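If you're matching them up, the sequences are chains A and B in order.
Residue numbering for the first sequence follows the numbering used here, starting at 1 and increasing by one per position.
Residue numbering for the second sequence follows the numbering used here, starting at 1001 and increasing by one per position.
Hints were generated in silico from the structure; no laboratory data involved.
Owing to the predicted nature of the structure, the values given are computational and were not obtained by experimental measurement.
Glycine residues also receive a C-beta, built at the ideal position from the N, C-alpha and C atoms.
Hints may contain errors.
[What the hints assert, rightly or not] Simulated DEER-style distance windows between Cβ atoms:
hint: 1; chain 1: B; residue 1: E1225; chain 2: A; residue 2: E152; range: 52 to 62 Å
hint: 2; chain 1: A; residue 1: E152; chain 2: B; residue 2: S1313; range: 11 to 21 Å
hint: 3; chain 1: B; residue 1: S1313; chain 2: A; residue 2: K12; range: 36 to 46 Å
hint: 4; chain 1: A; residue 1: K12; chain 2: B; residue 2: K1300; range: 51 to 61 Å
Protein chains: 2
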Amino acid sequence: MKNPESQTIFFKKKPHIIGSYSIVGPKEGKGSLKNYFDYIMKDDLFGEKTYEKAERKMVEQAVMGAVCNAKLTPNDLQLFISGDLLNQIITSSFAARAFDVPYVGLFGACSTMAESLAVGASLVSSGYFDNVACATASHFSTAERQFRYPLELGNQRPPTSQWTVTGAGCCILSSKGDGPVITSATFGKVTDFGIADANNMGCVMAPGCCSTLVAHFKDTNTTPEDYDLIVTGDLGKLGSEVLIDLMEDHGYKLRTNYNDCGQIIYTGKQSVLMGGSGCGCSATVLNSYILQKLKQKELKKVLFVATGALLSSTSTQQGDTIPGIAHAVVIEAYDPLPKPKKTKKGASK
Amino acid sequence: MKNPESQTIFFKKKPHIIGSYSIVGPKEGKGSLKNYFDYIMKDDLFGEKTYEKAERKMVEQAVMGAVCNAKLTPNDLQLFISGDLLNQIITSSFAARAFDVPYVGLFGACSTMAESLAVGASLVSSGYFDNVACATASHFSTAERQFRYPLELGNQRPPTSQWTVTGAGCCILSSKGDGPVITSATFGKVTDFGIADANNMGCVMAPGCCSTLVAHFKDTNTTPEDYDLIVTGDLGKLGSEVLIDLMEDHGYKLRTNYNDCGQIIYTGKQSVLMGGSGCGCSATVLNSYILQKLKQKELKKVLFVATGALLSSTSTQQGDTIPGIAHAVVIEAYDPLPKPKKTKKGASK
């Protein structure tokens, strides 16, 4: 790393996303991206006896689906990087039993998809691994009863709350191939603006997101205009508005090329208050709509910023405020032709 | 990675451990390694109102201590990698607020010290970061009430149980320096031998440990005799015996150069049943006794294998068996002289 204050690493050998898969619950399957998901579950128990086991099975299917999409077998994987919202990330660790592959468990709450891509891309780019699976998942029913109230209580939801997406996504990163490439990654710092309301995740995560975005633009010497799409993890309506304000304070205008996975995934008519959240939110939006548009080259350069709120029910009960974090990766459509007509090389990238 | 079946990566540019720090509770401060720890707390609330907040403060102190030991300031850190046993790893994430440094949260249960070193060493070795802090912690009172029973219940402990170490450890990895070097890392696979007894962690983790050790010896073309010390995370008495048996089935004899952090940390007279456990167990043993012996070159080549049981109270309540995992790193004493016959100083760096 050249500049010690930089939070961003640039990949010389750029890892390709050679396979991807998204699986969602019935509610998400009625949302705006219903035509982009690989699989829509008919019911959110997915044939299992508990929601936790369903969530685990979703990750297994996401990994298998992404491996097949990459035209590989699970034996070709050299590393499985995954994390989720459940205590001791049991979704990921138990799903890892299904694959005879070395496993790195992560926790970044809803920032996990970007965190796993940042770590995975670093390990592939440096030549240590050739094929790495990066996955995450969330499930409305497991998250709700773990972080808030028993489902049976039918508790009323405050207007600032978001709806945890039932969904899992997986990317296969590879040193070879012709899928979209990850060109840089910005590792986020933990921020805490003193919000203690566990029903207002958007406002908790917006400062962390702002911190990572500002660092990213500075480190890469870019502005928001340099991206076809800047997409945040799951800030929801309120969080996105807060982010836009915070970014403006830092001199950056987020315009029409900015969107939020929590707002994209559901239609305006679905009852989700501020929008979607959960690790599965950004994971399924990335592994459906965004990657398809990158493959079709309708999008050429995407800044994917997944955001996480790092609370537990214990920390909330002990009166702690809630730290937030965001990690970012730049994903670009793969252009195998090195732009020959220019006279000077290197100027373009 | 040359061999697609290999679980081990070899570091061309070997990261140095340029700083370390260990902090333990009063009970550990009366154990076998009492003269090696950097700080022994007088009481395990550490001036805080809850044990969770004490655990968090221990990580903060471990990171600051290791940074000082490395003759750096927190501003010199470029990445903080940490994980712990608590739900949503609040110990690590909340401690990360204290440092203005990018943060990667991990979860590998008690394997976290080795997992963070493996990931951290990869990121330093590949040139992406110069100074990275790798930390973890556990606390008897937070773990006990989260995974088992309220402390006030005074519940009897089954004979196979282990005692969660109250302690935190931190290593500072750097691309430069003259501390011990990490030469390779073996990423473990998740194994599950069908044990569902949450009070028998040693037997849960031994198969995962065996799997990683066998992979390591094969990948590196070494045998147990090639190491001055092979030290497992926290298998305890019973788990260590199971490991020795399992390794013998694979043709490897673990002899007098084998030991287990869970057995080293307490004296035989302390009431800890099968020995120590928890992320803090291997972290504090590594960051005290082992690293001191490596610095003094009394140990030259150590295979450090931290082991984790990937359960949650939810998975146990749902009747799941318990997956185990182990990650390994080889740490070698740093010999700046490239072994020529010439006795010129200064040229070595």
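Structure-based check of each hint:
no. : hint                           : in the structure
1   : B:E1225 <-> A:E152: 52 to 62 Å : 60 Å, holds
2   : A:E152 <-> B:S1313: 11 to 21 Å : 20 Å, holds
3   : B:S1313 <-> A:K12: 36 to 46 Å  : 44 Å, holds
4   : A:K12 <-> B:K1300: 51 to 61 Å  : 34 Å, violated
Of the numbered hints given earlier, the model fails hint 4 alone.
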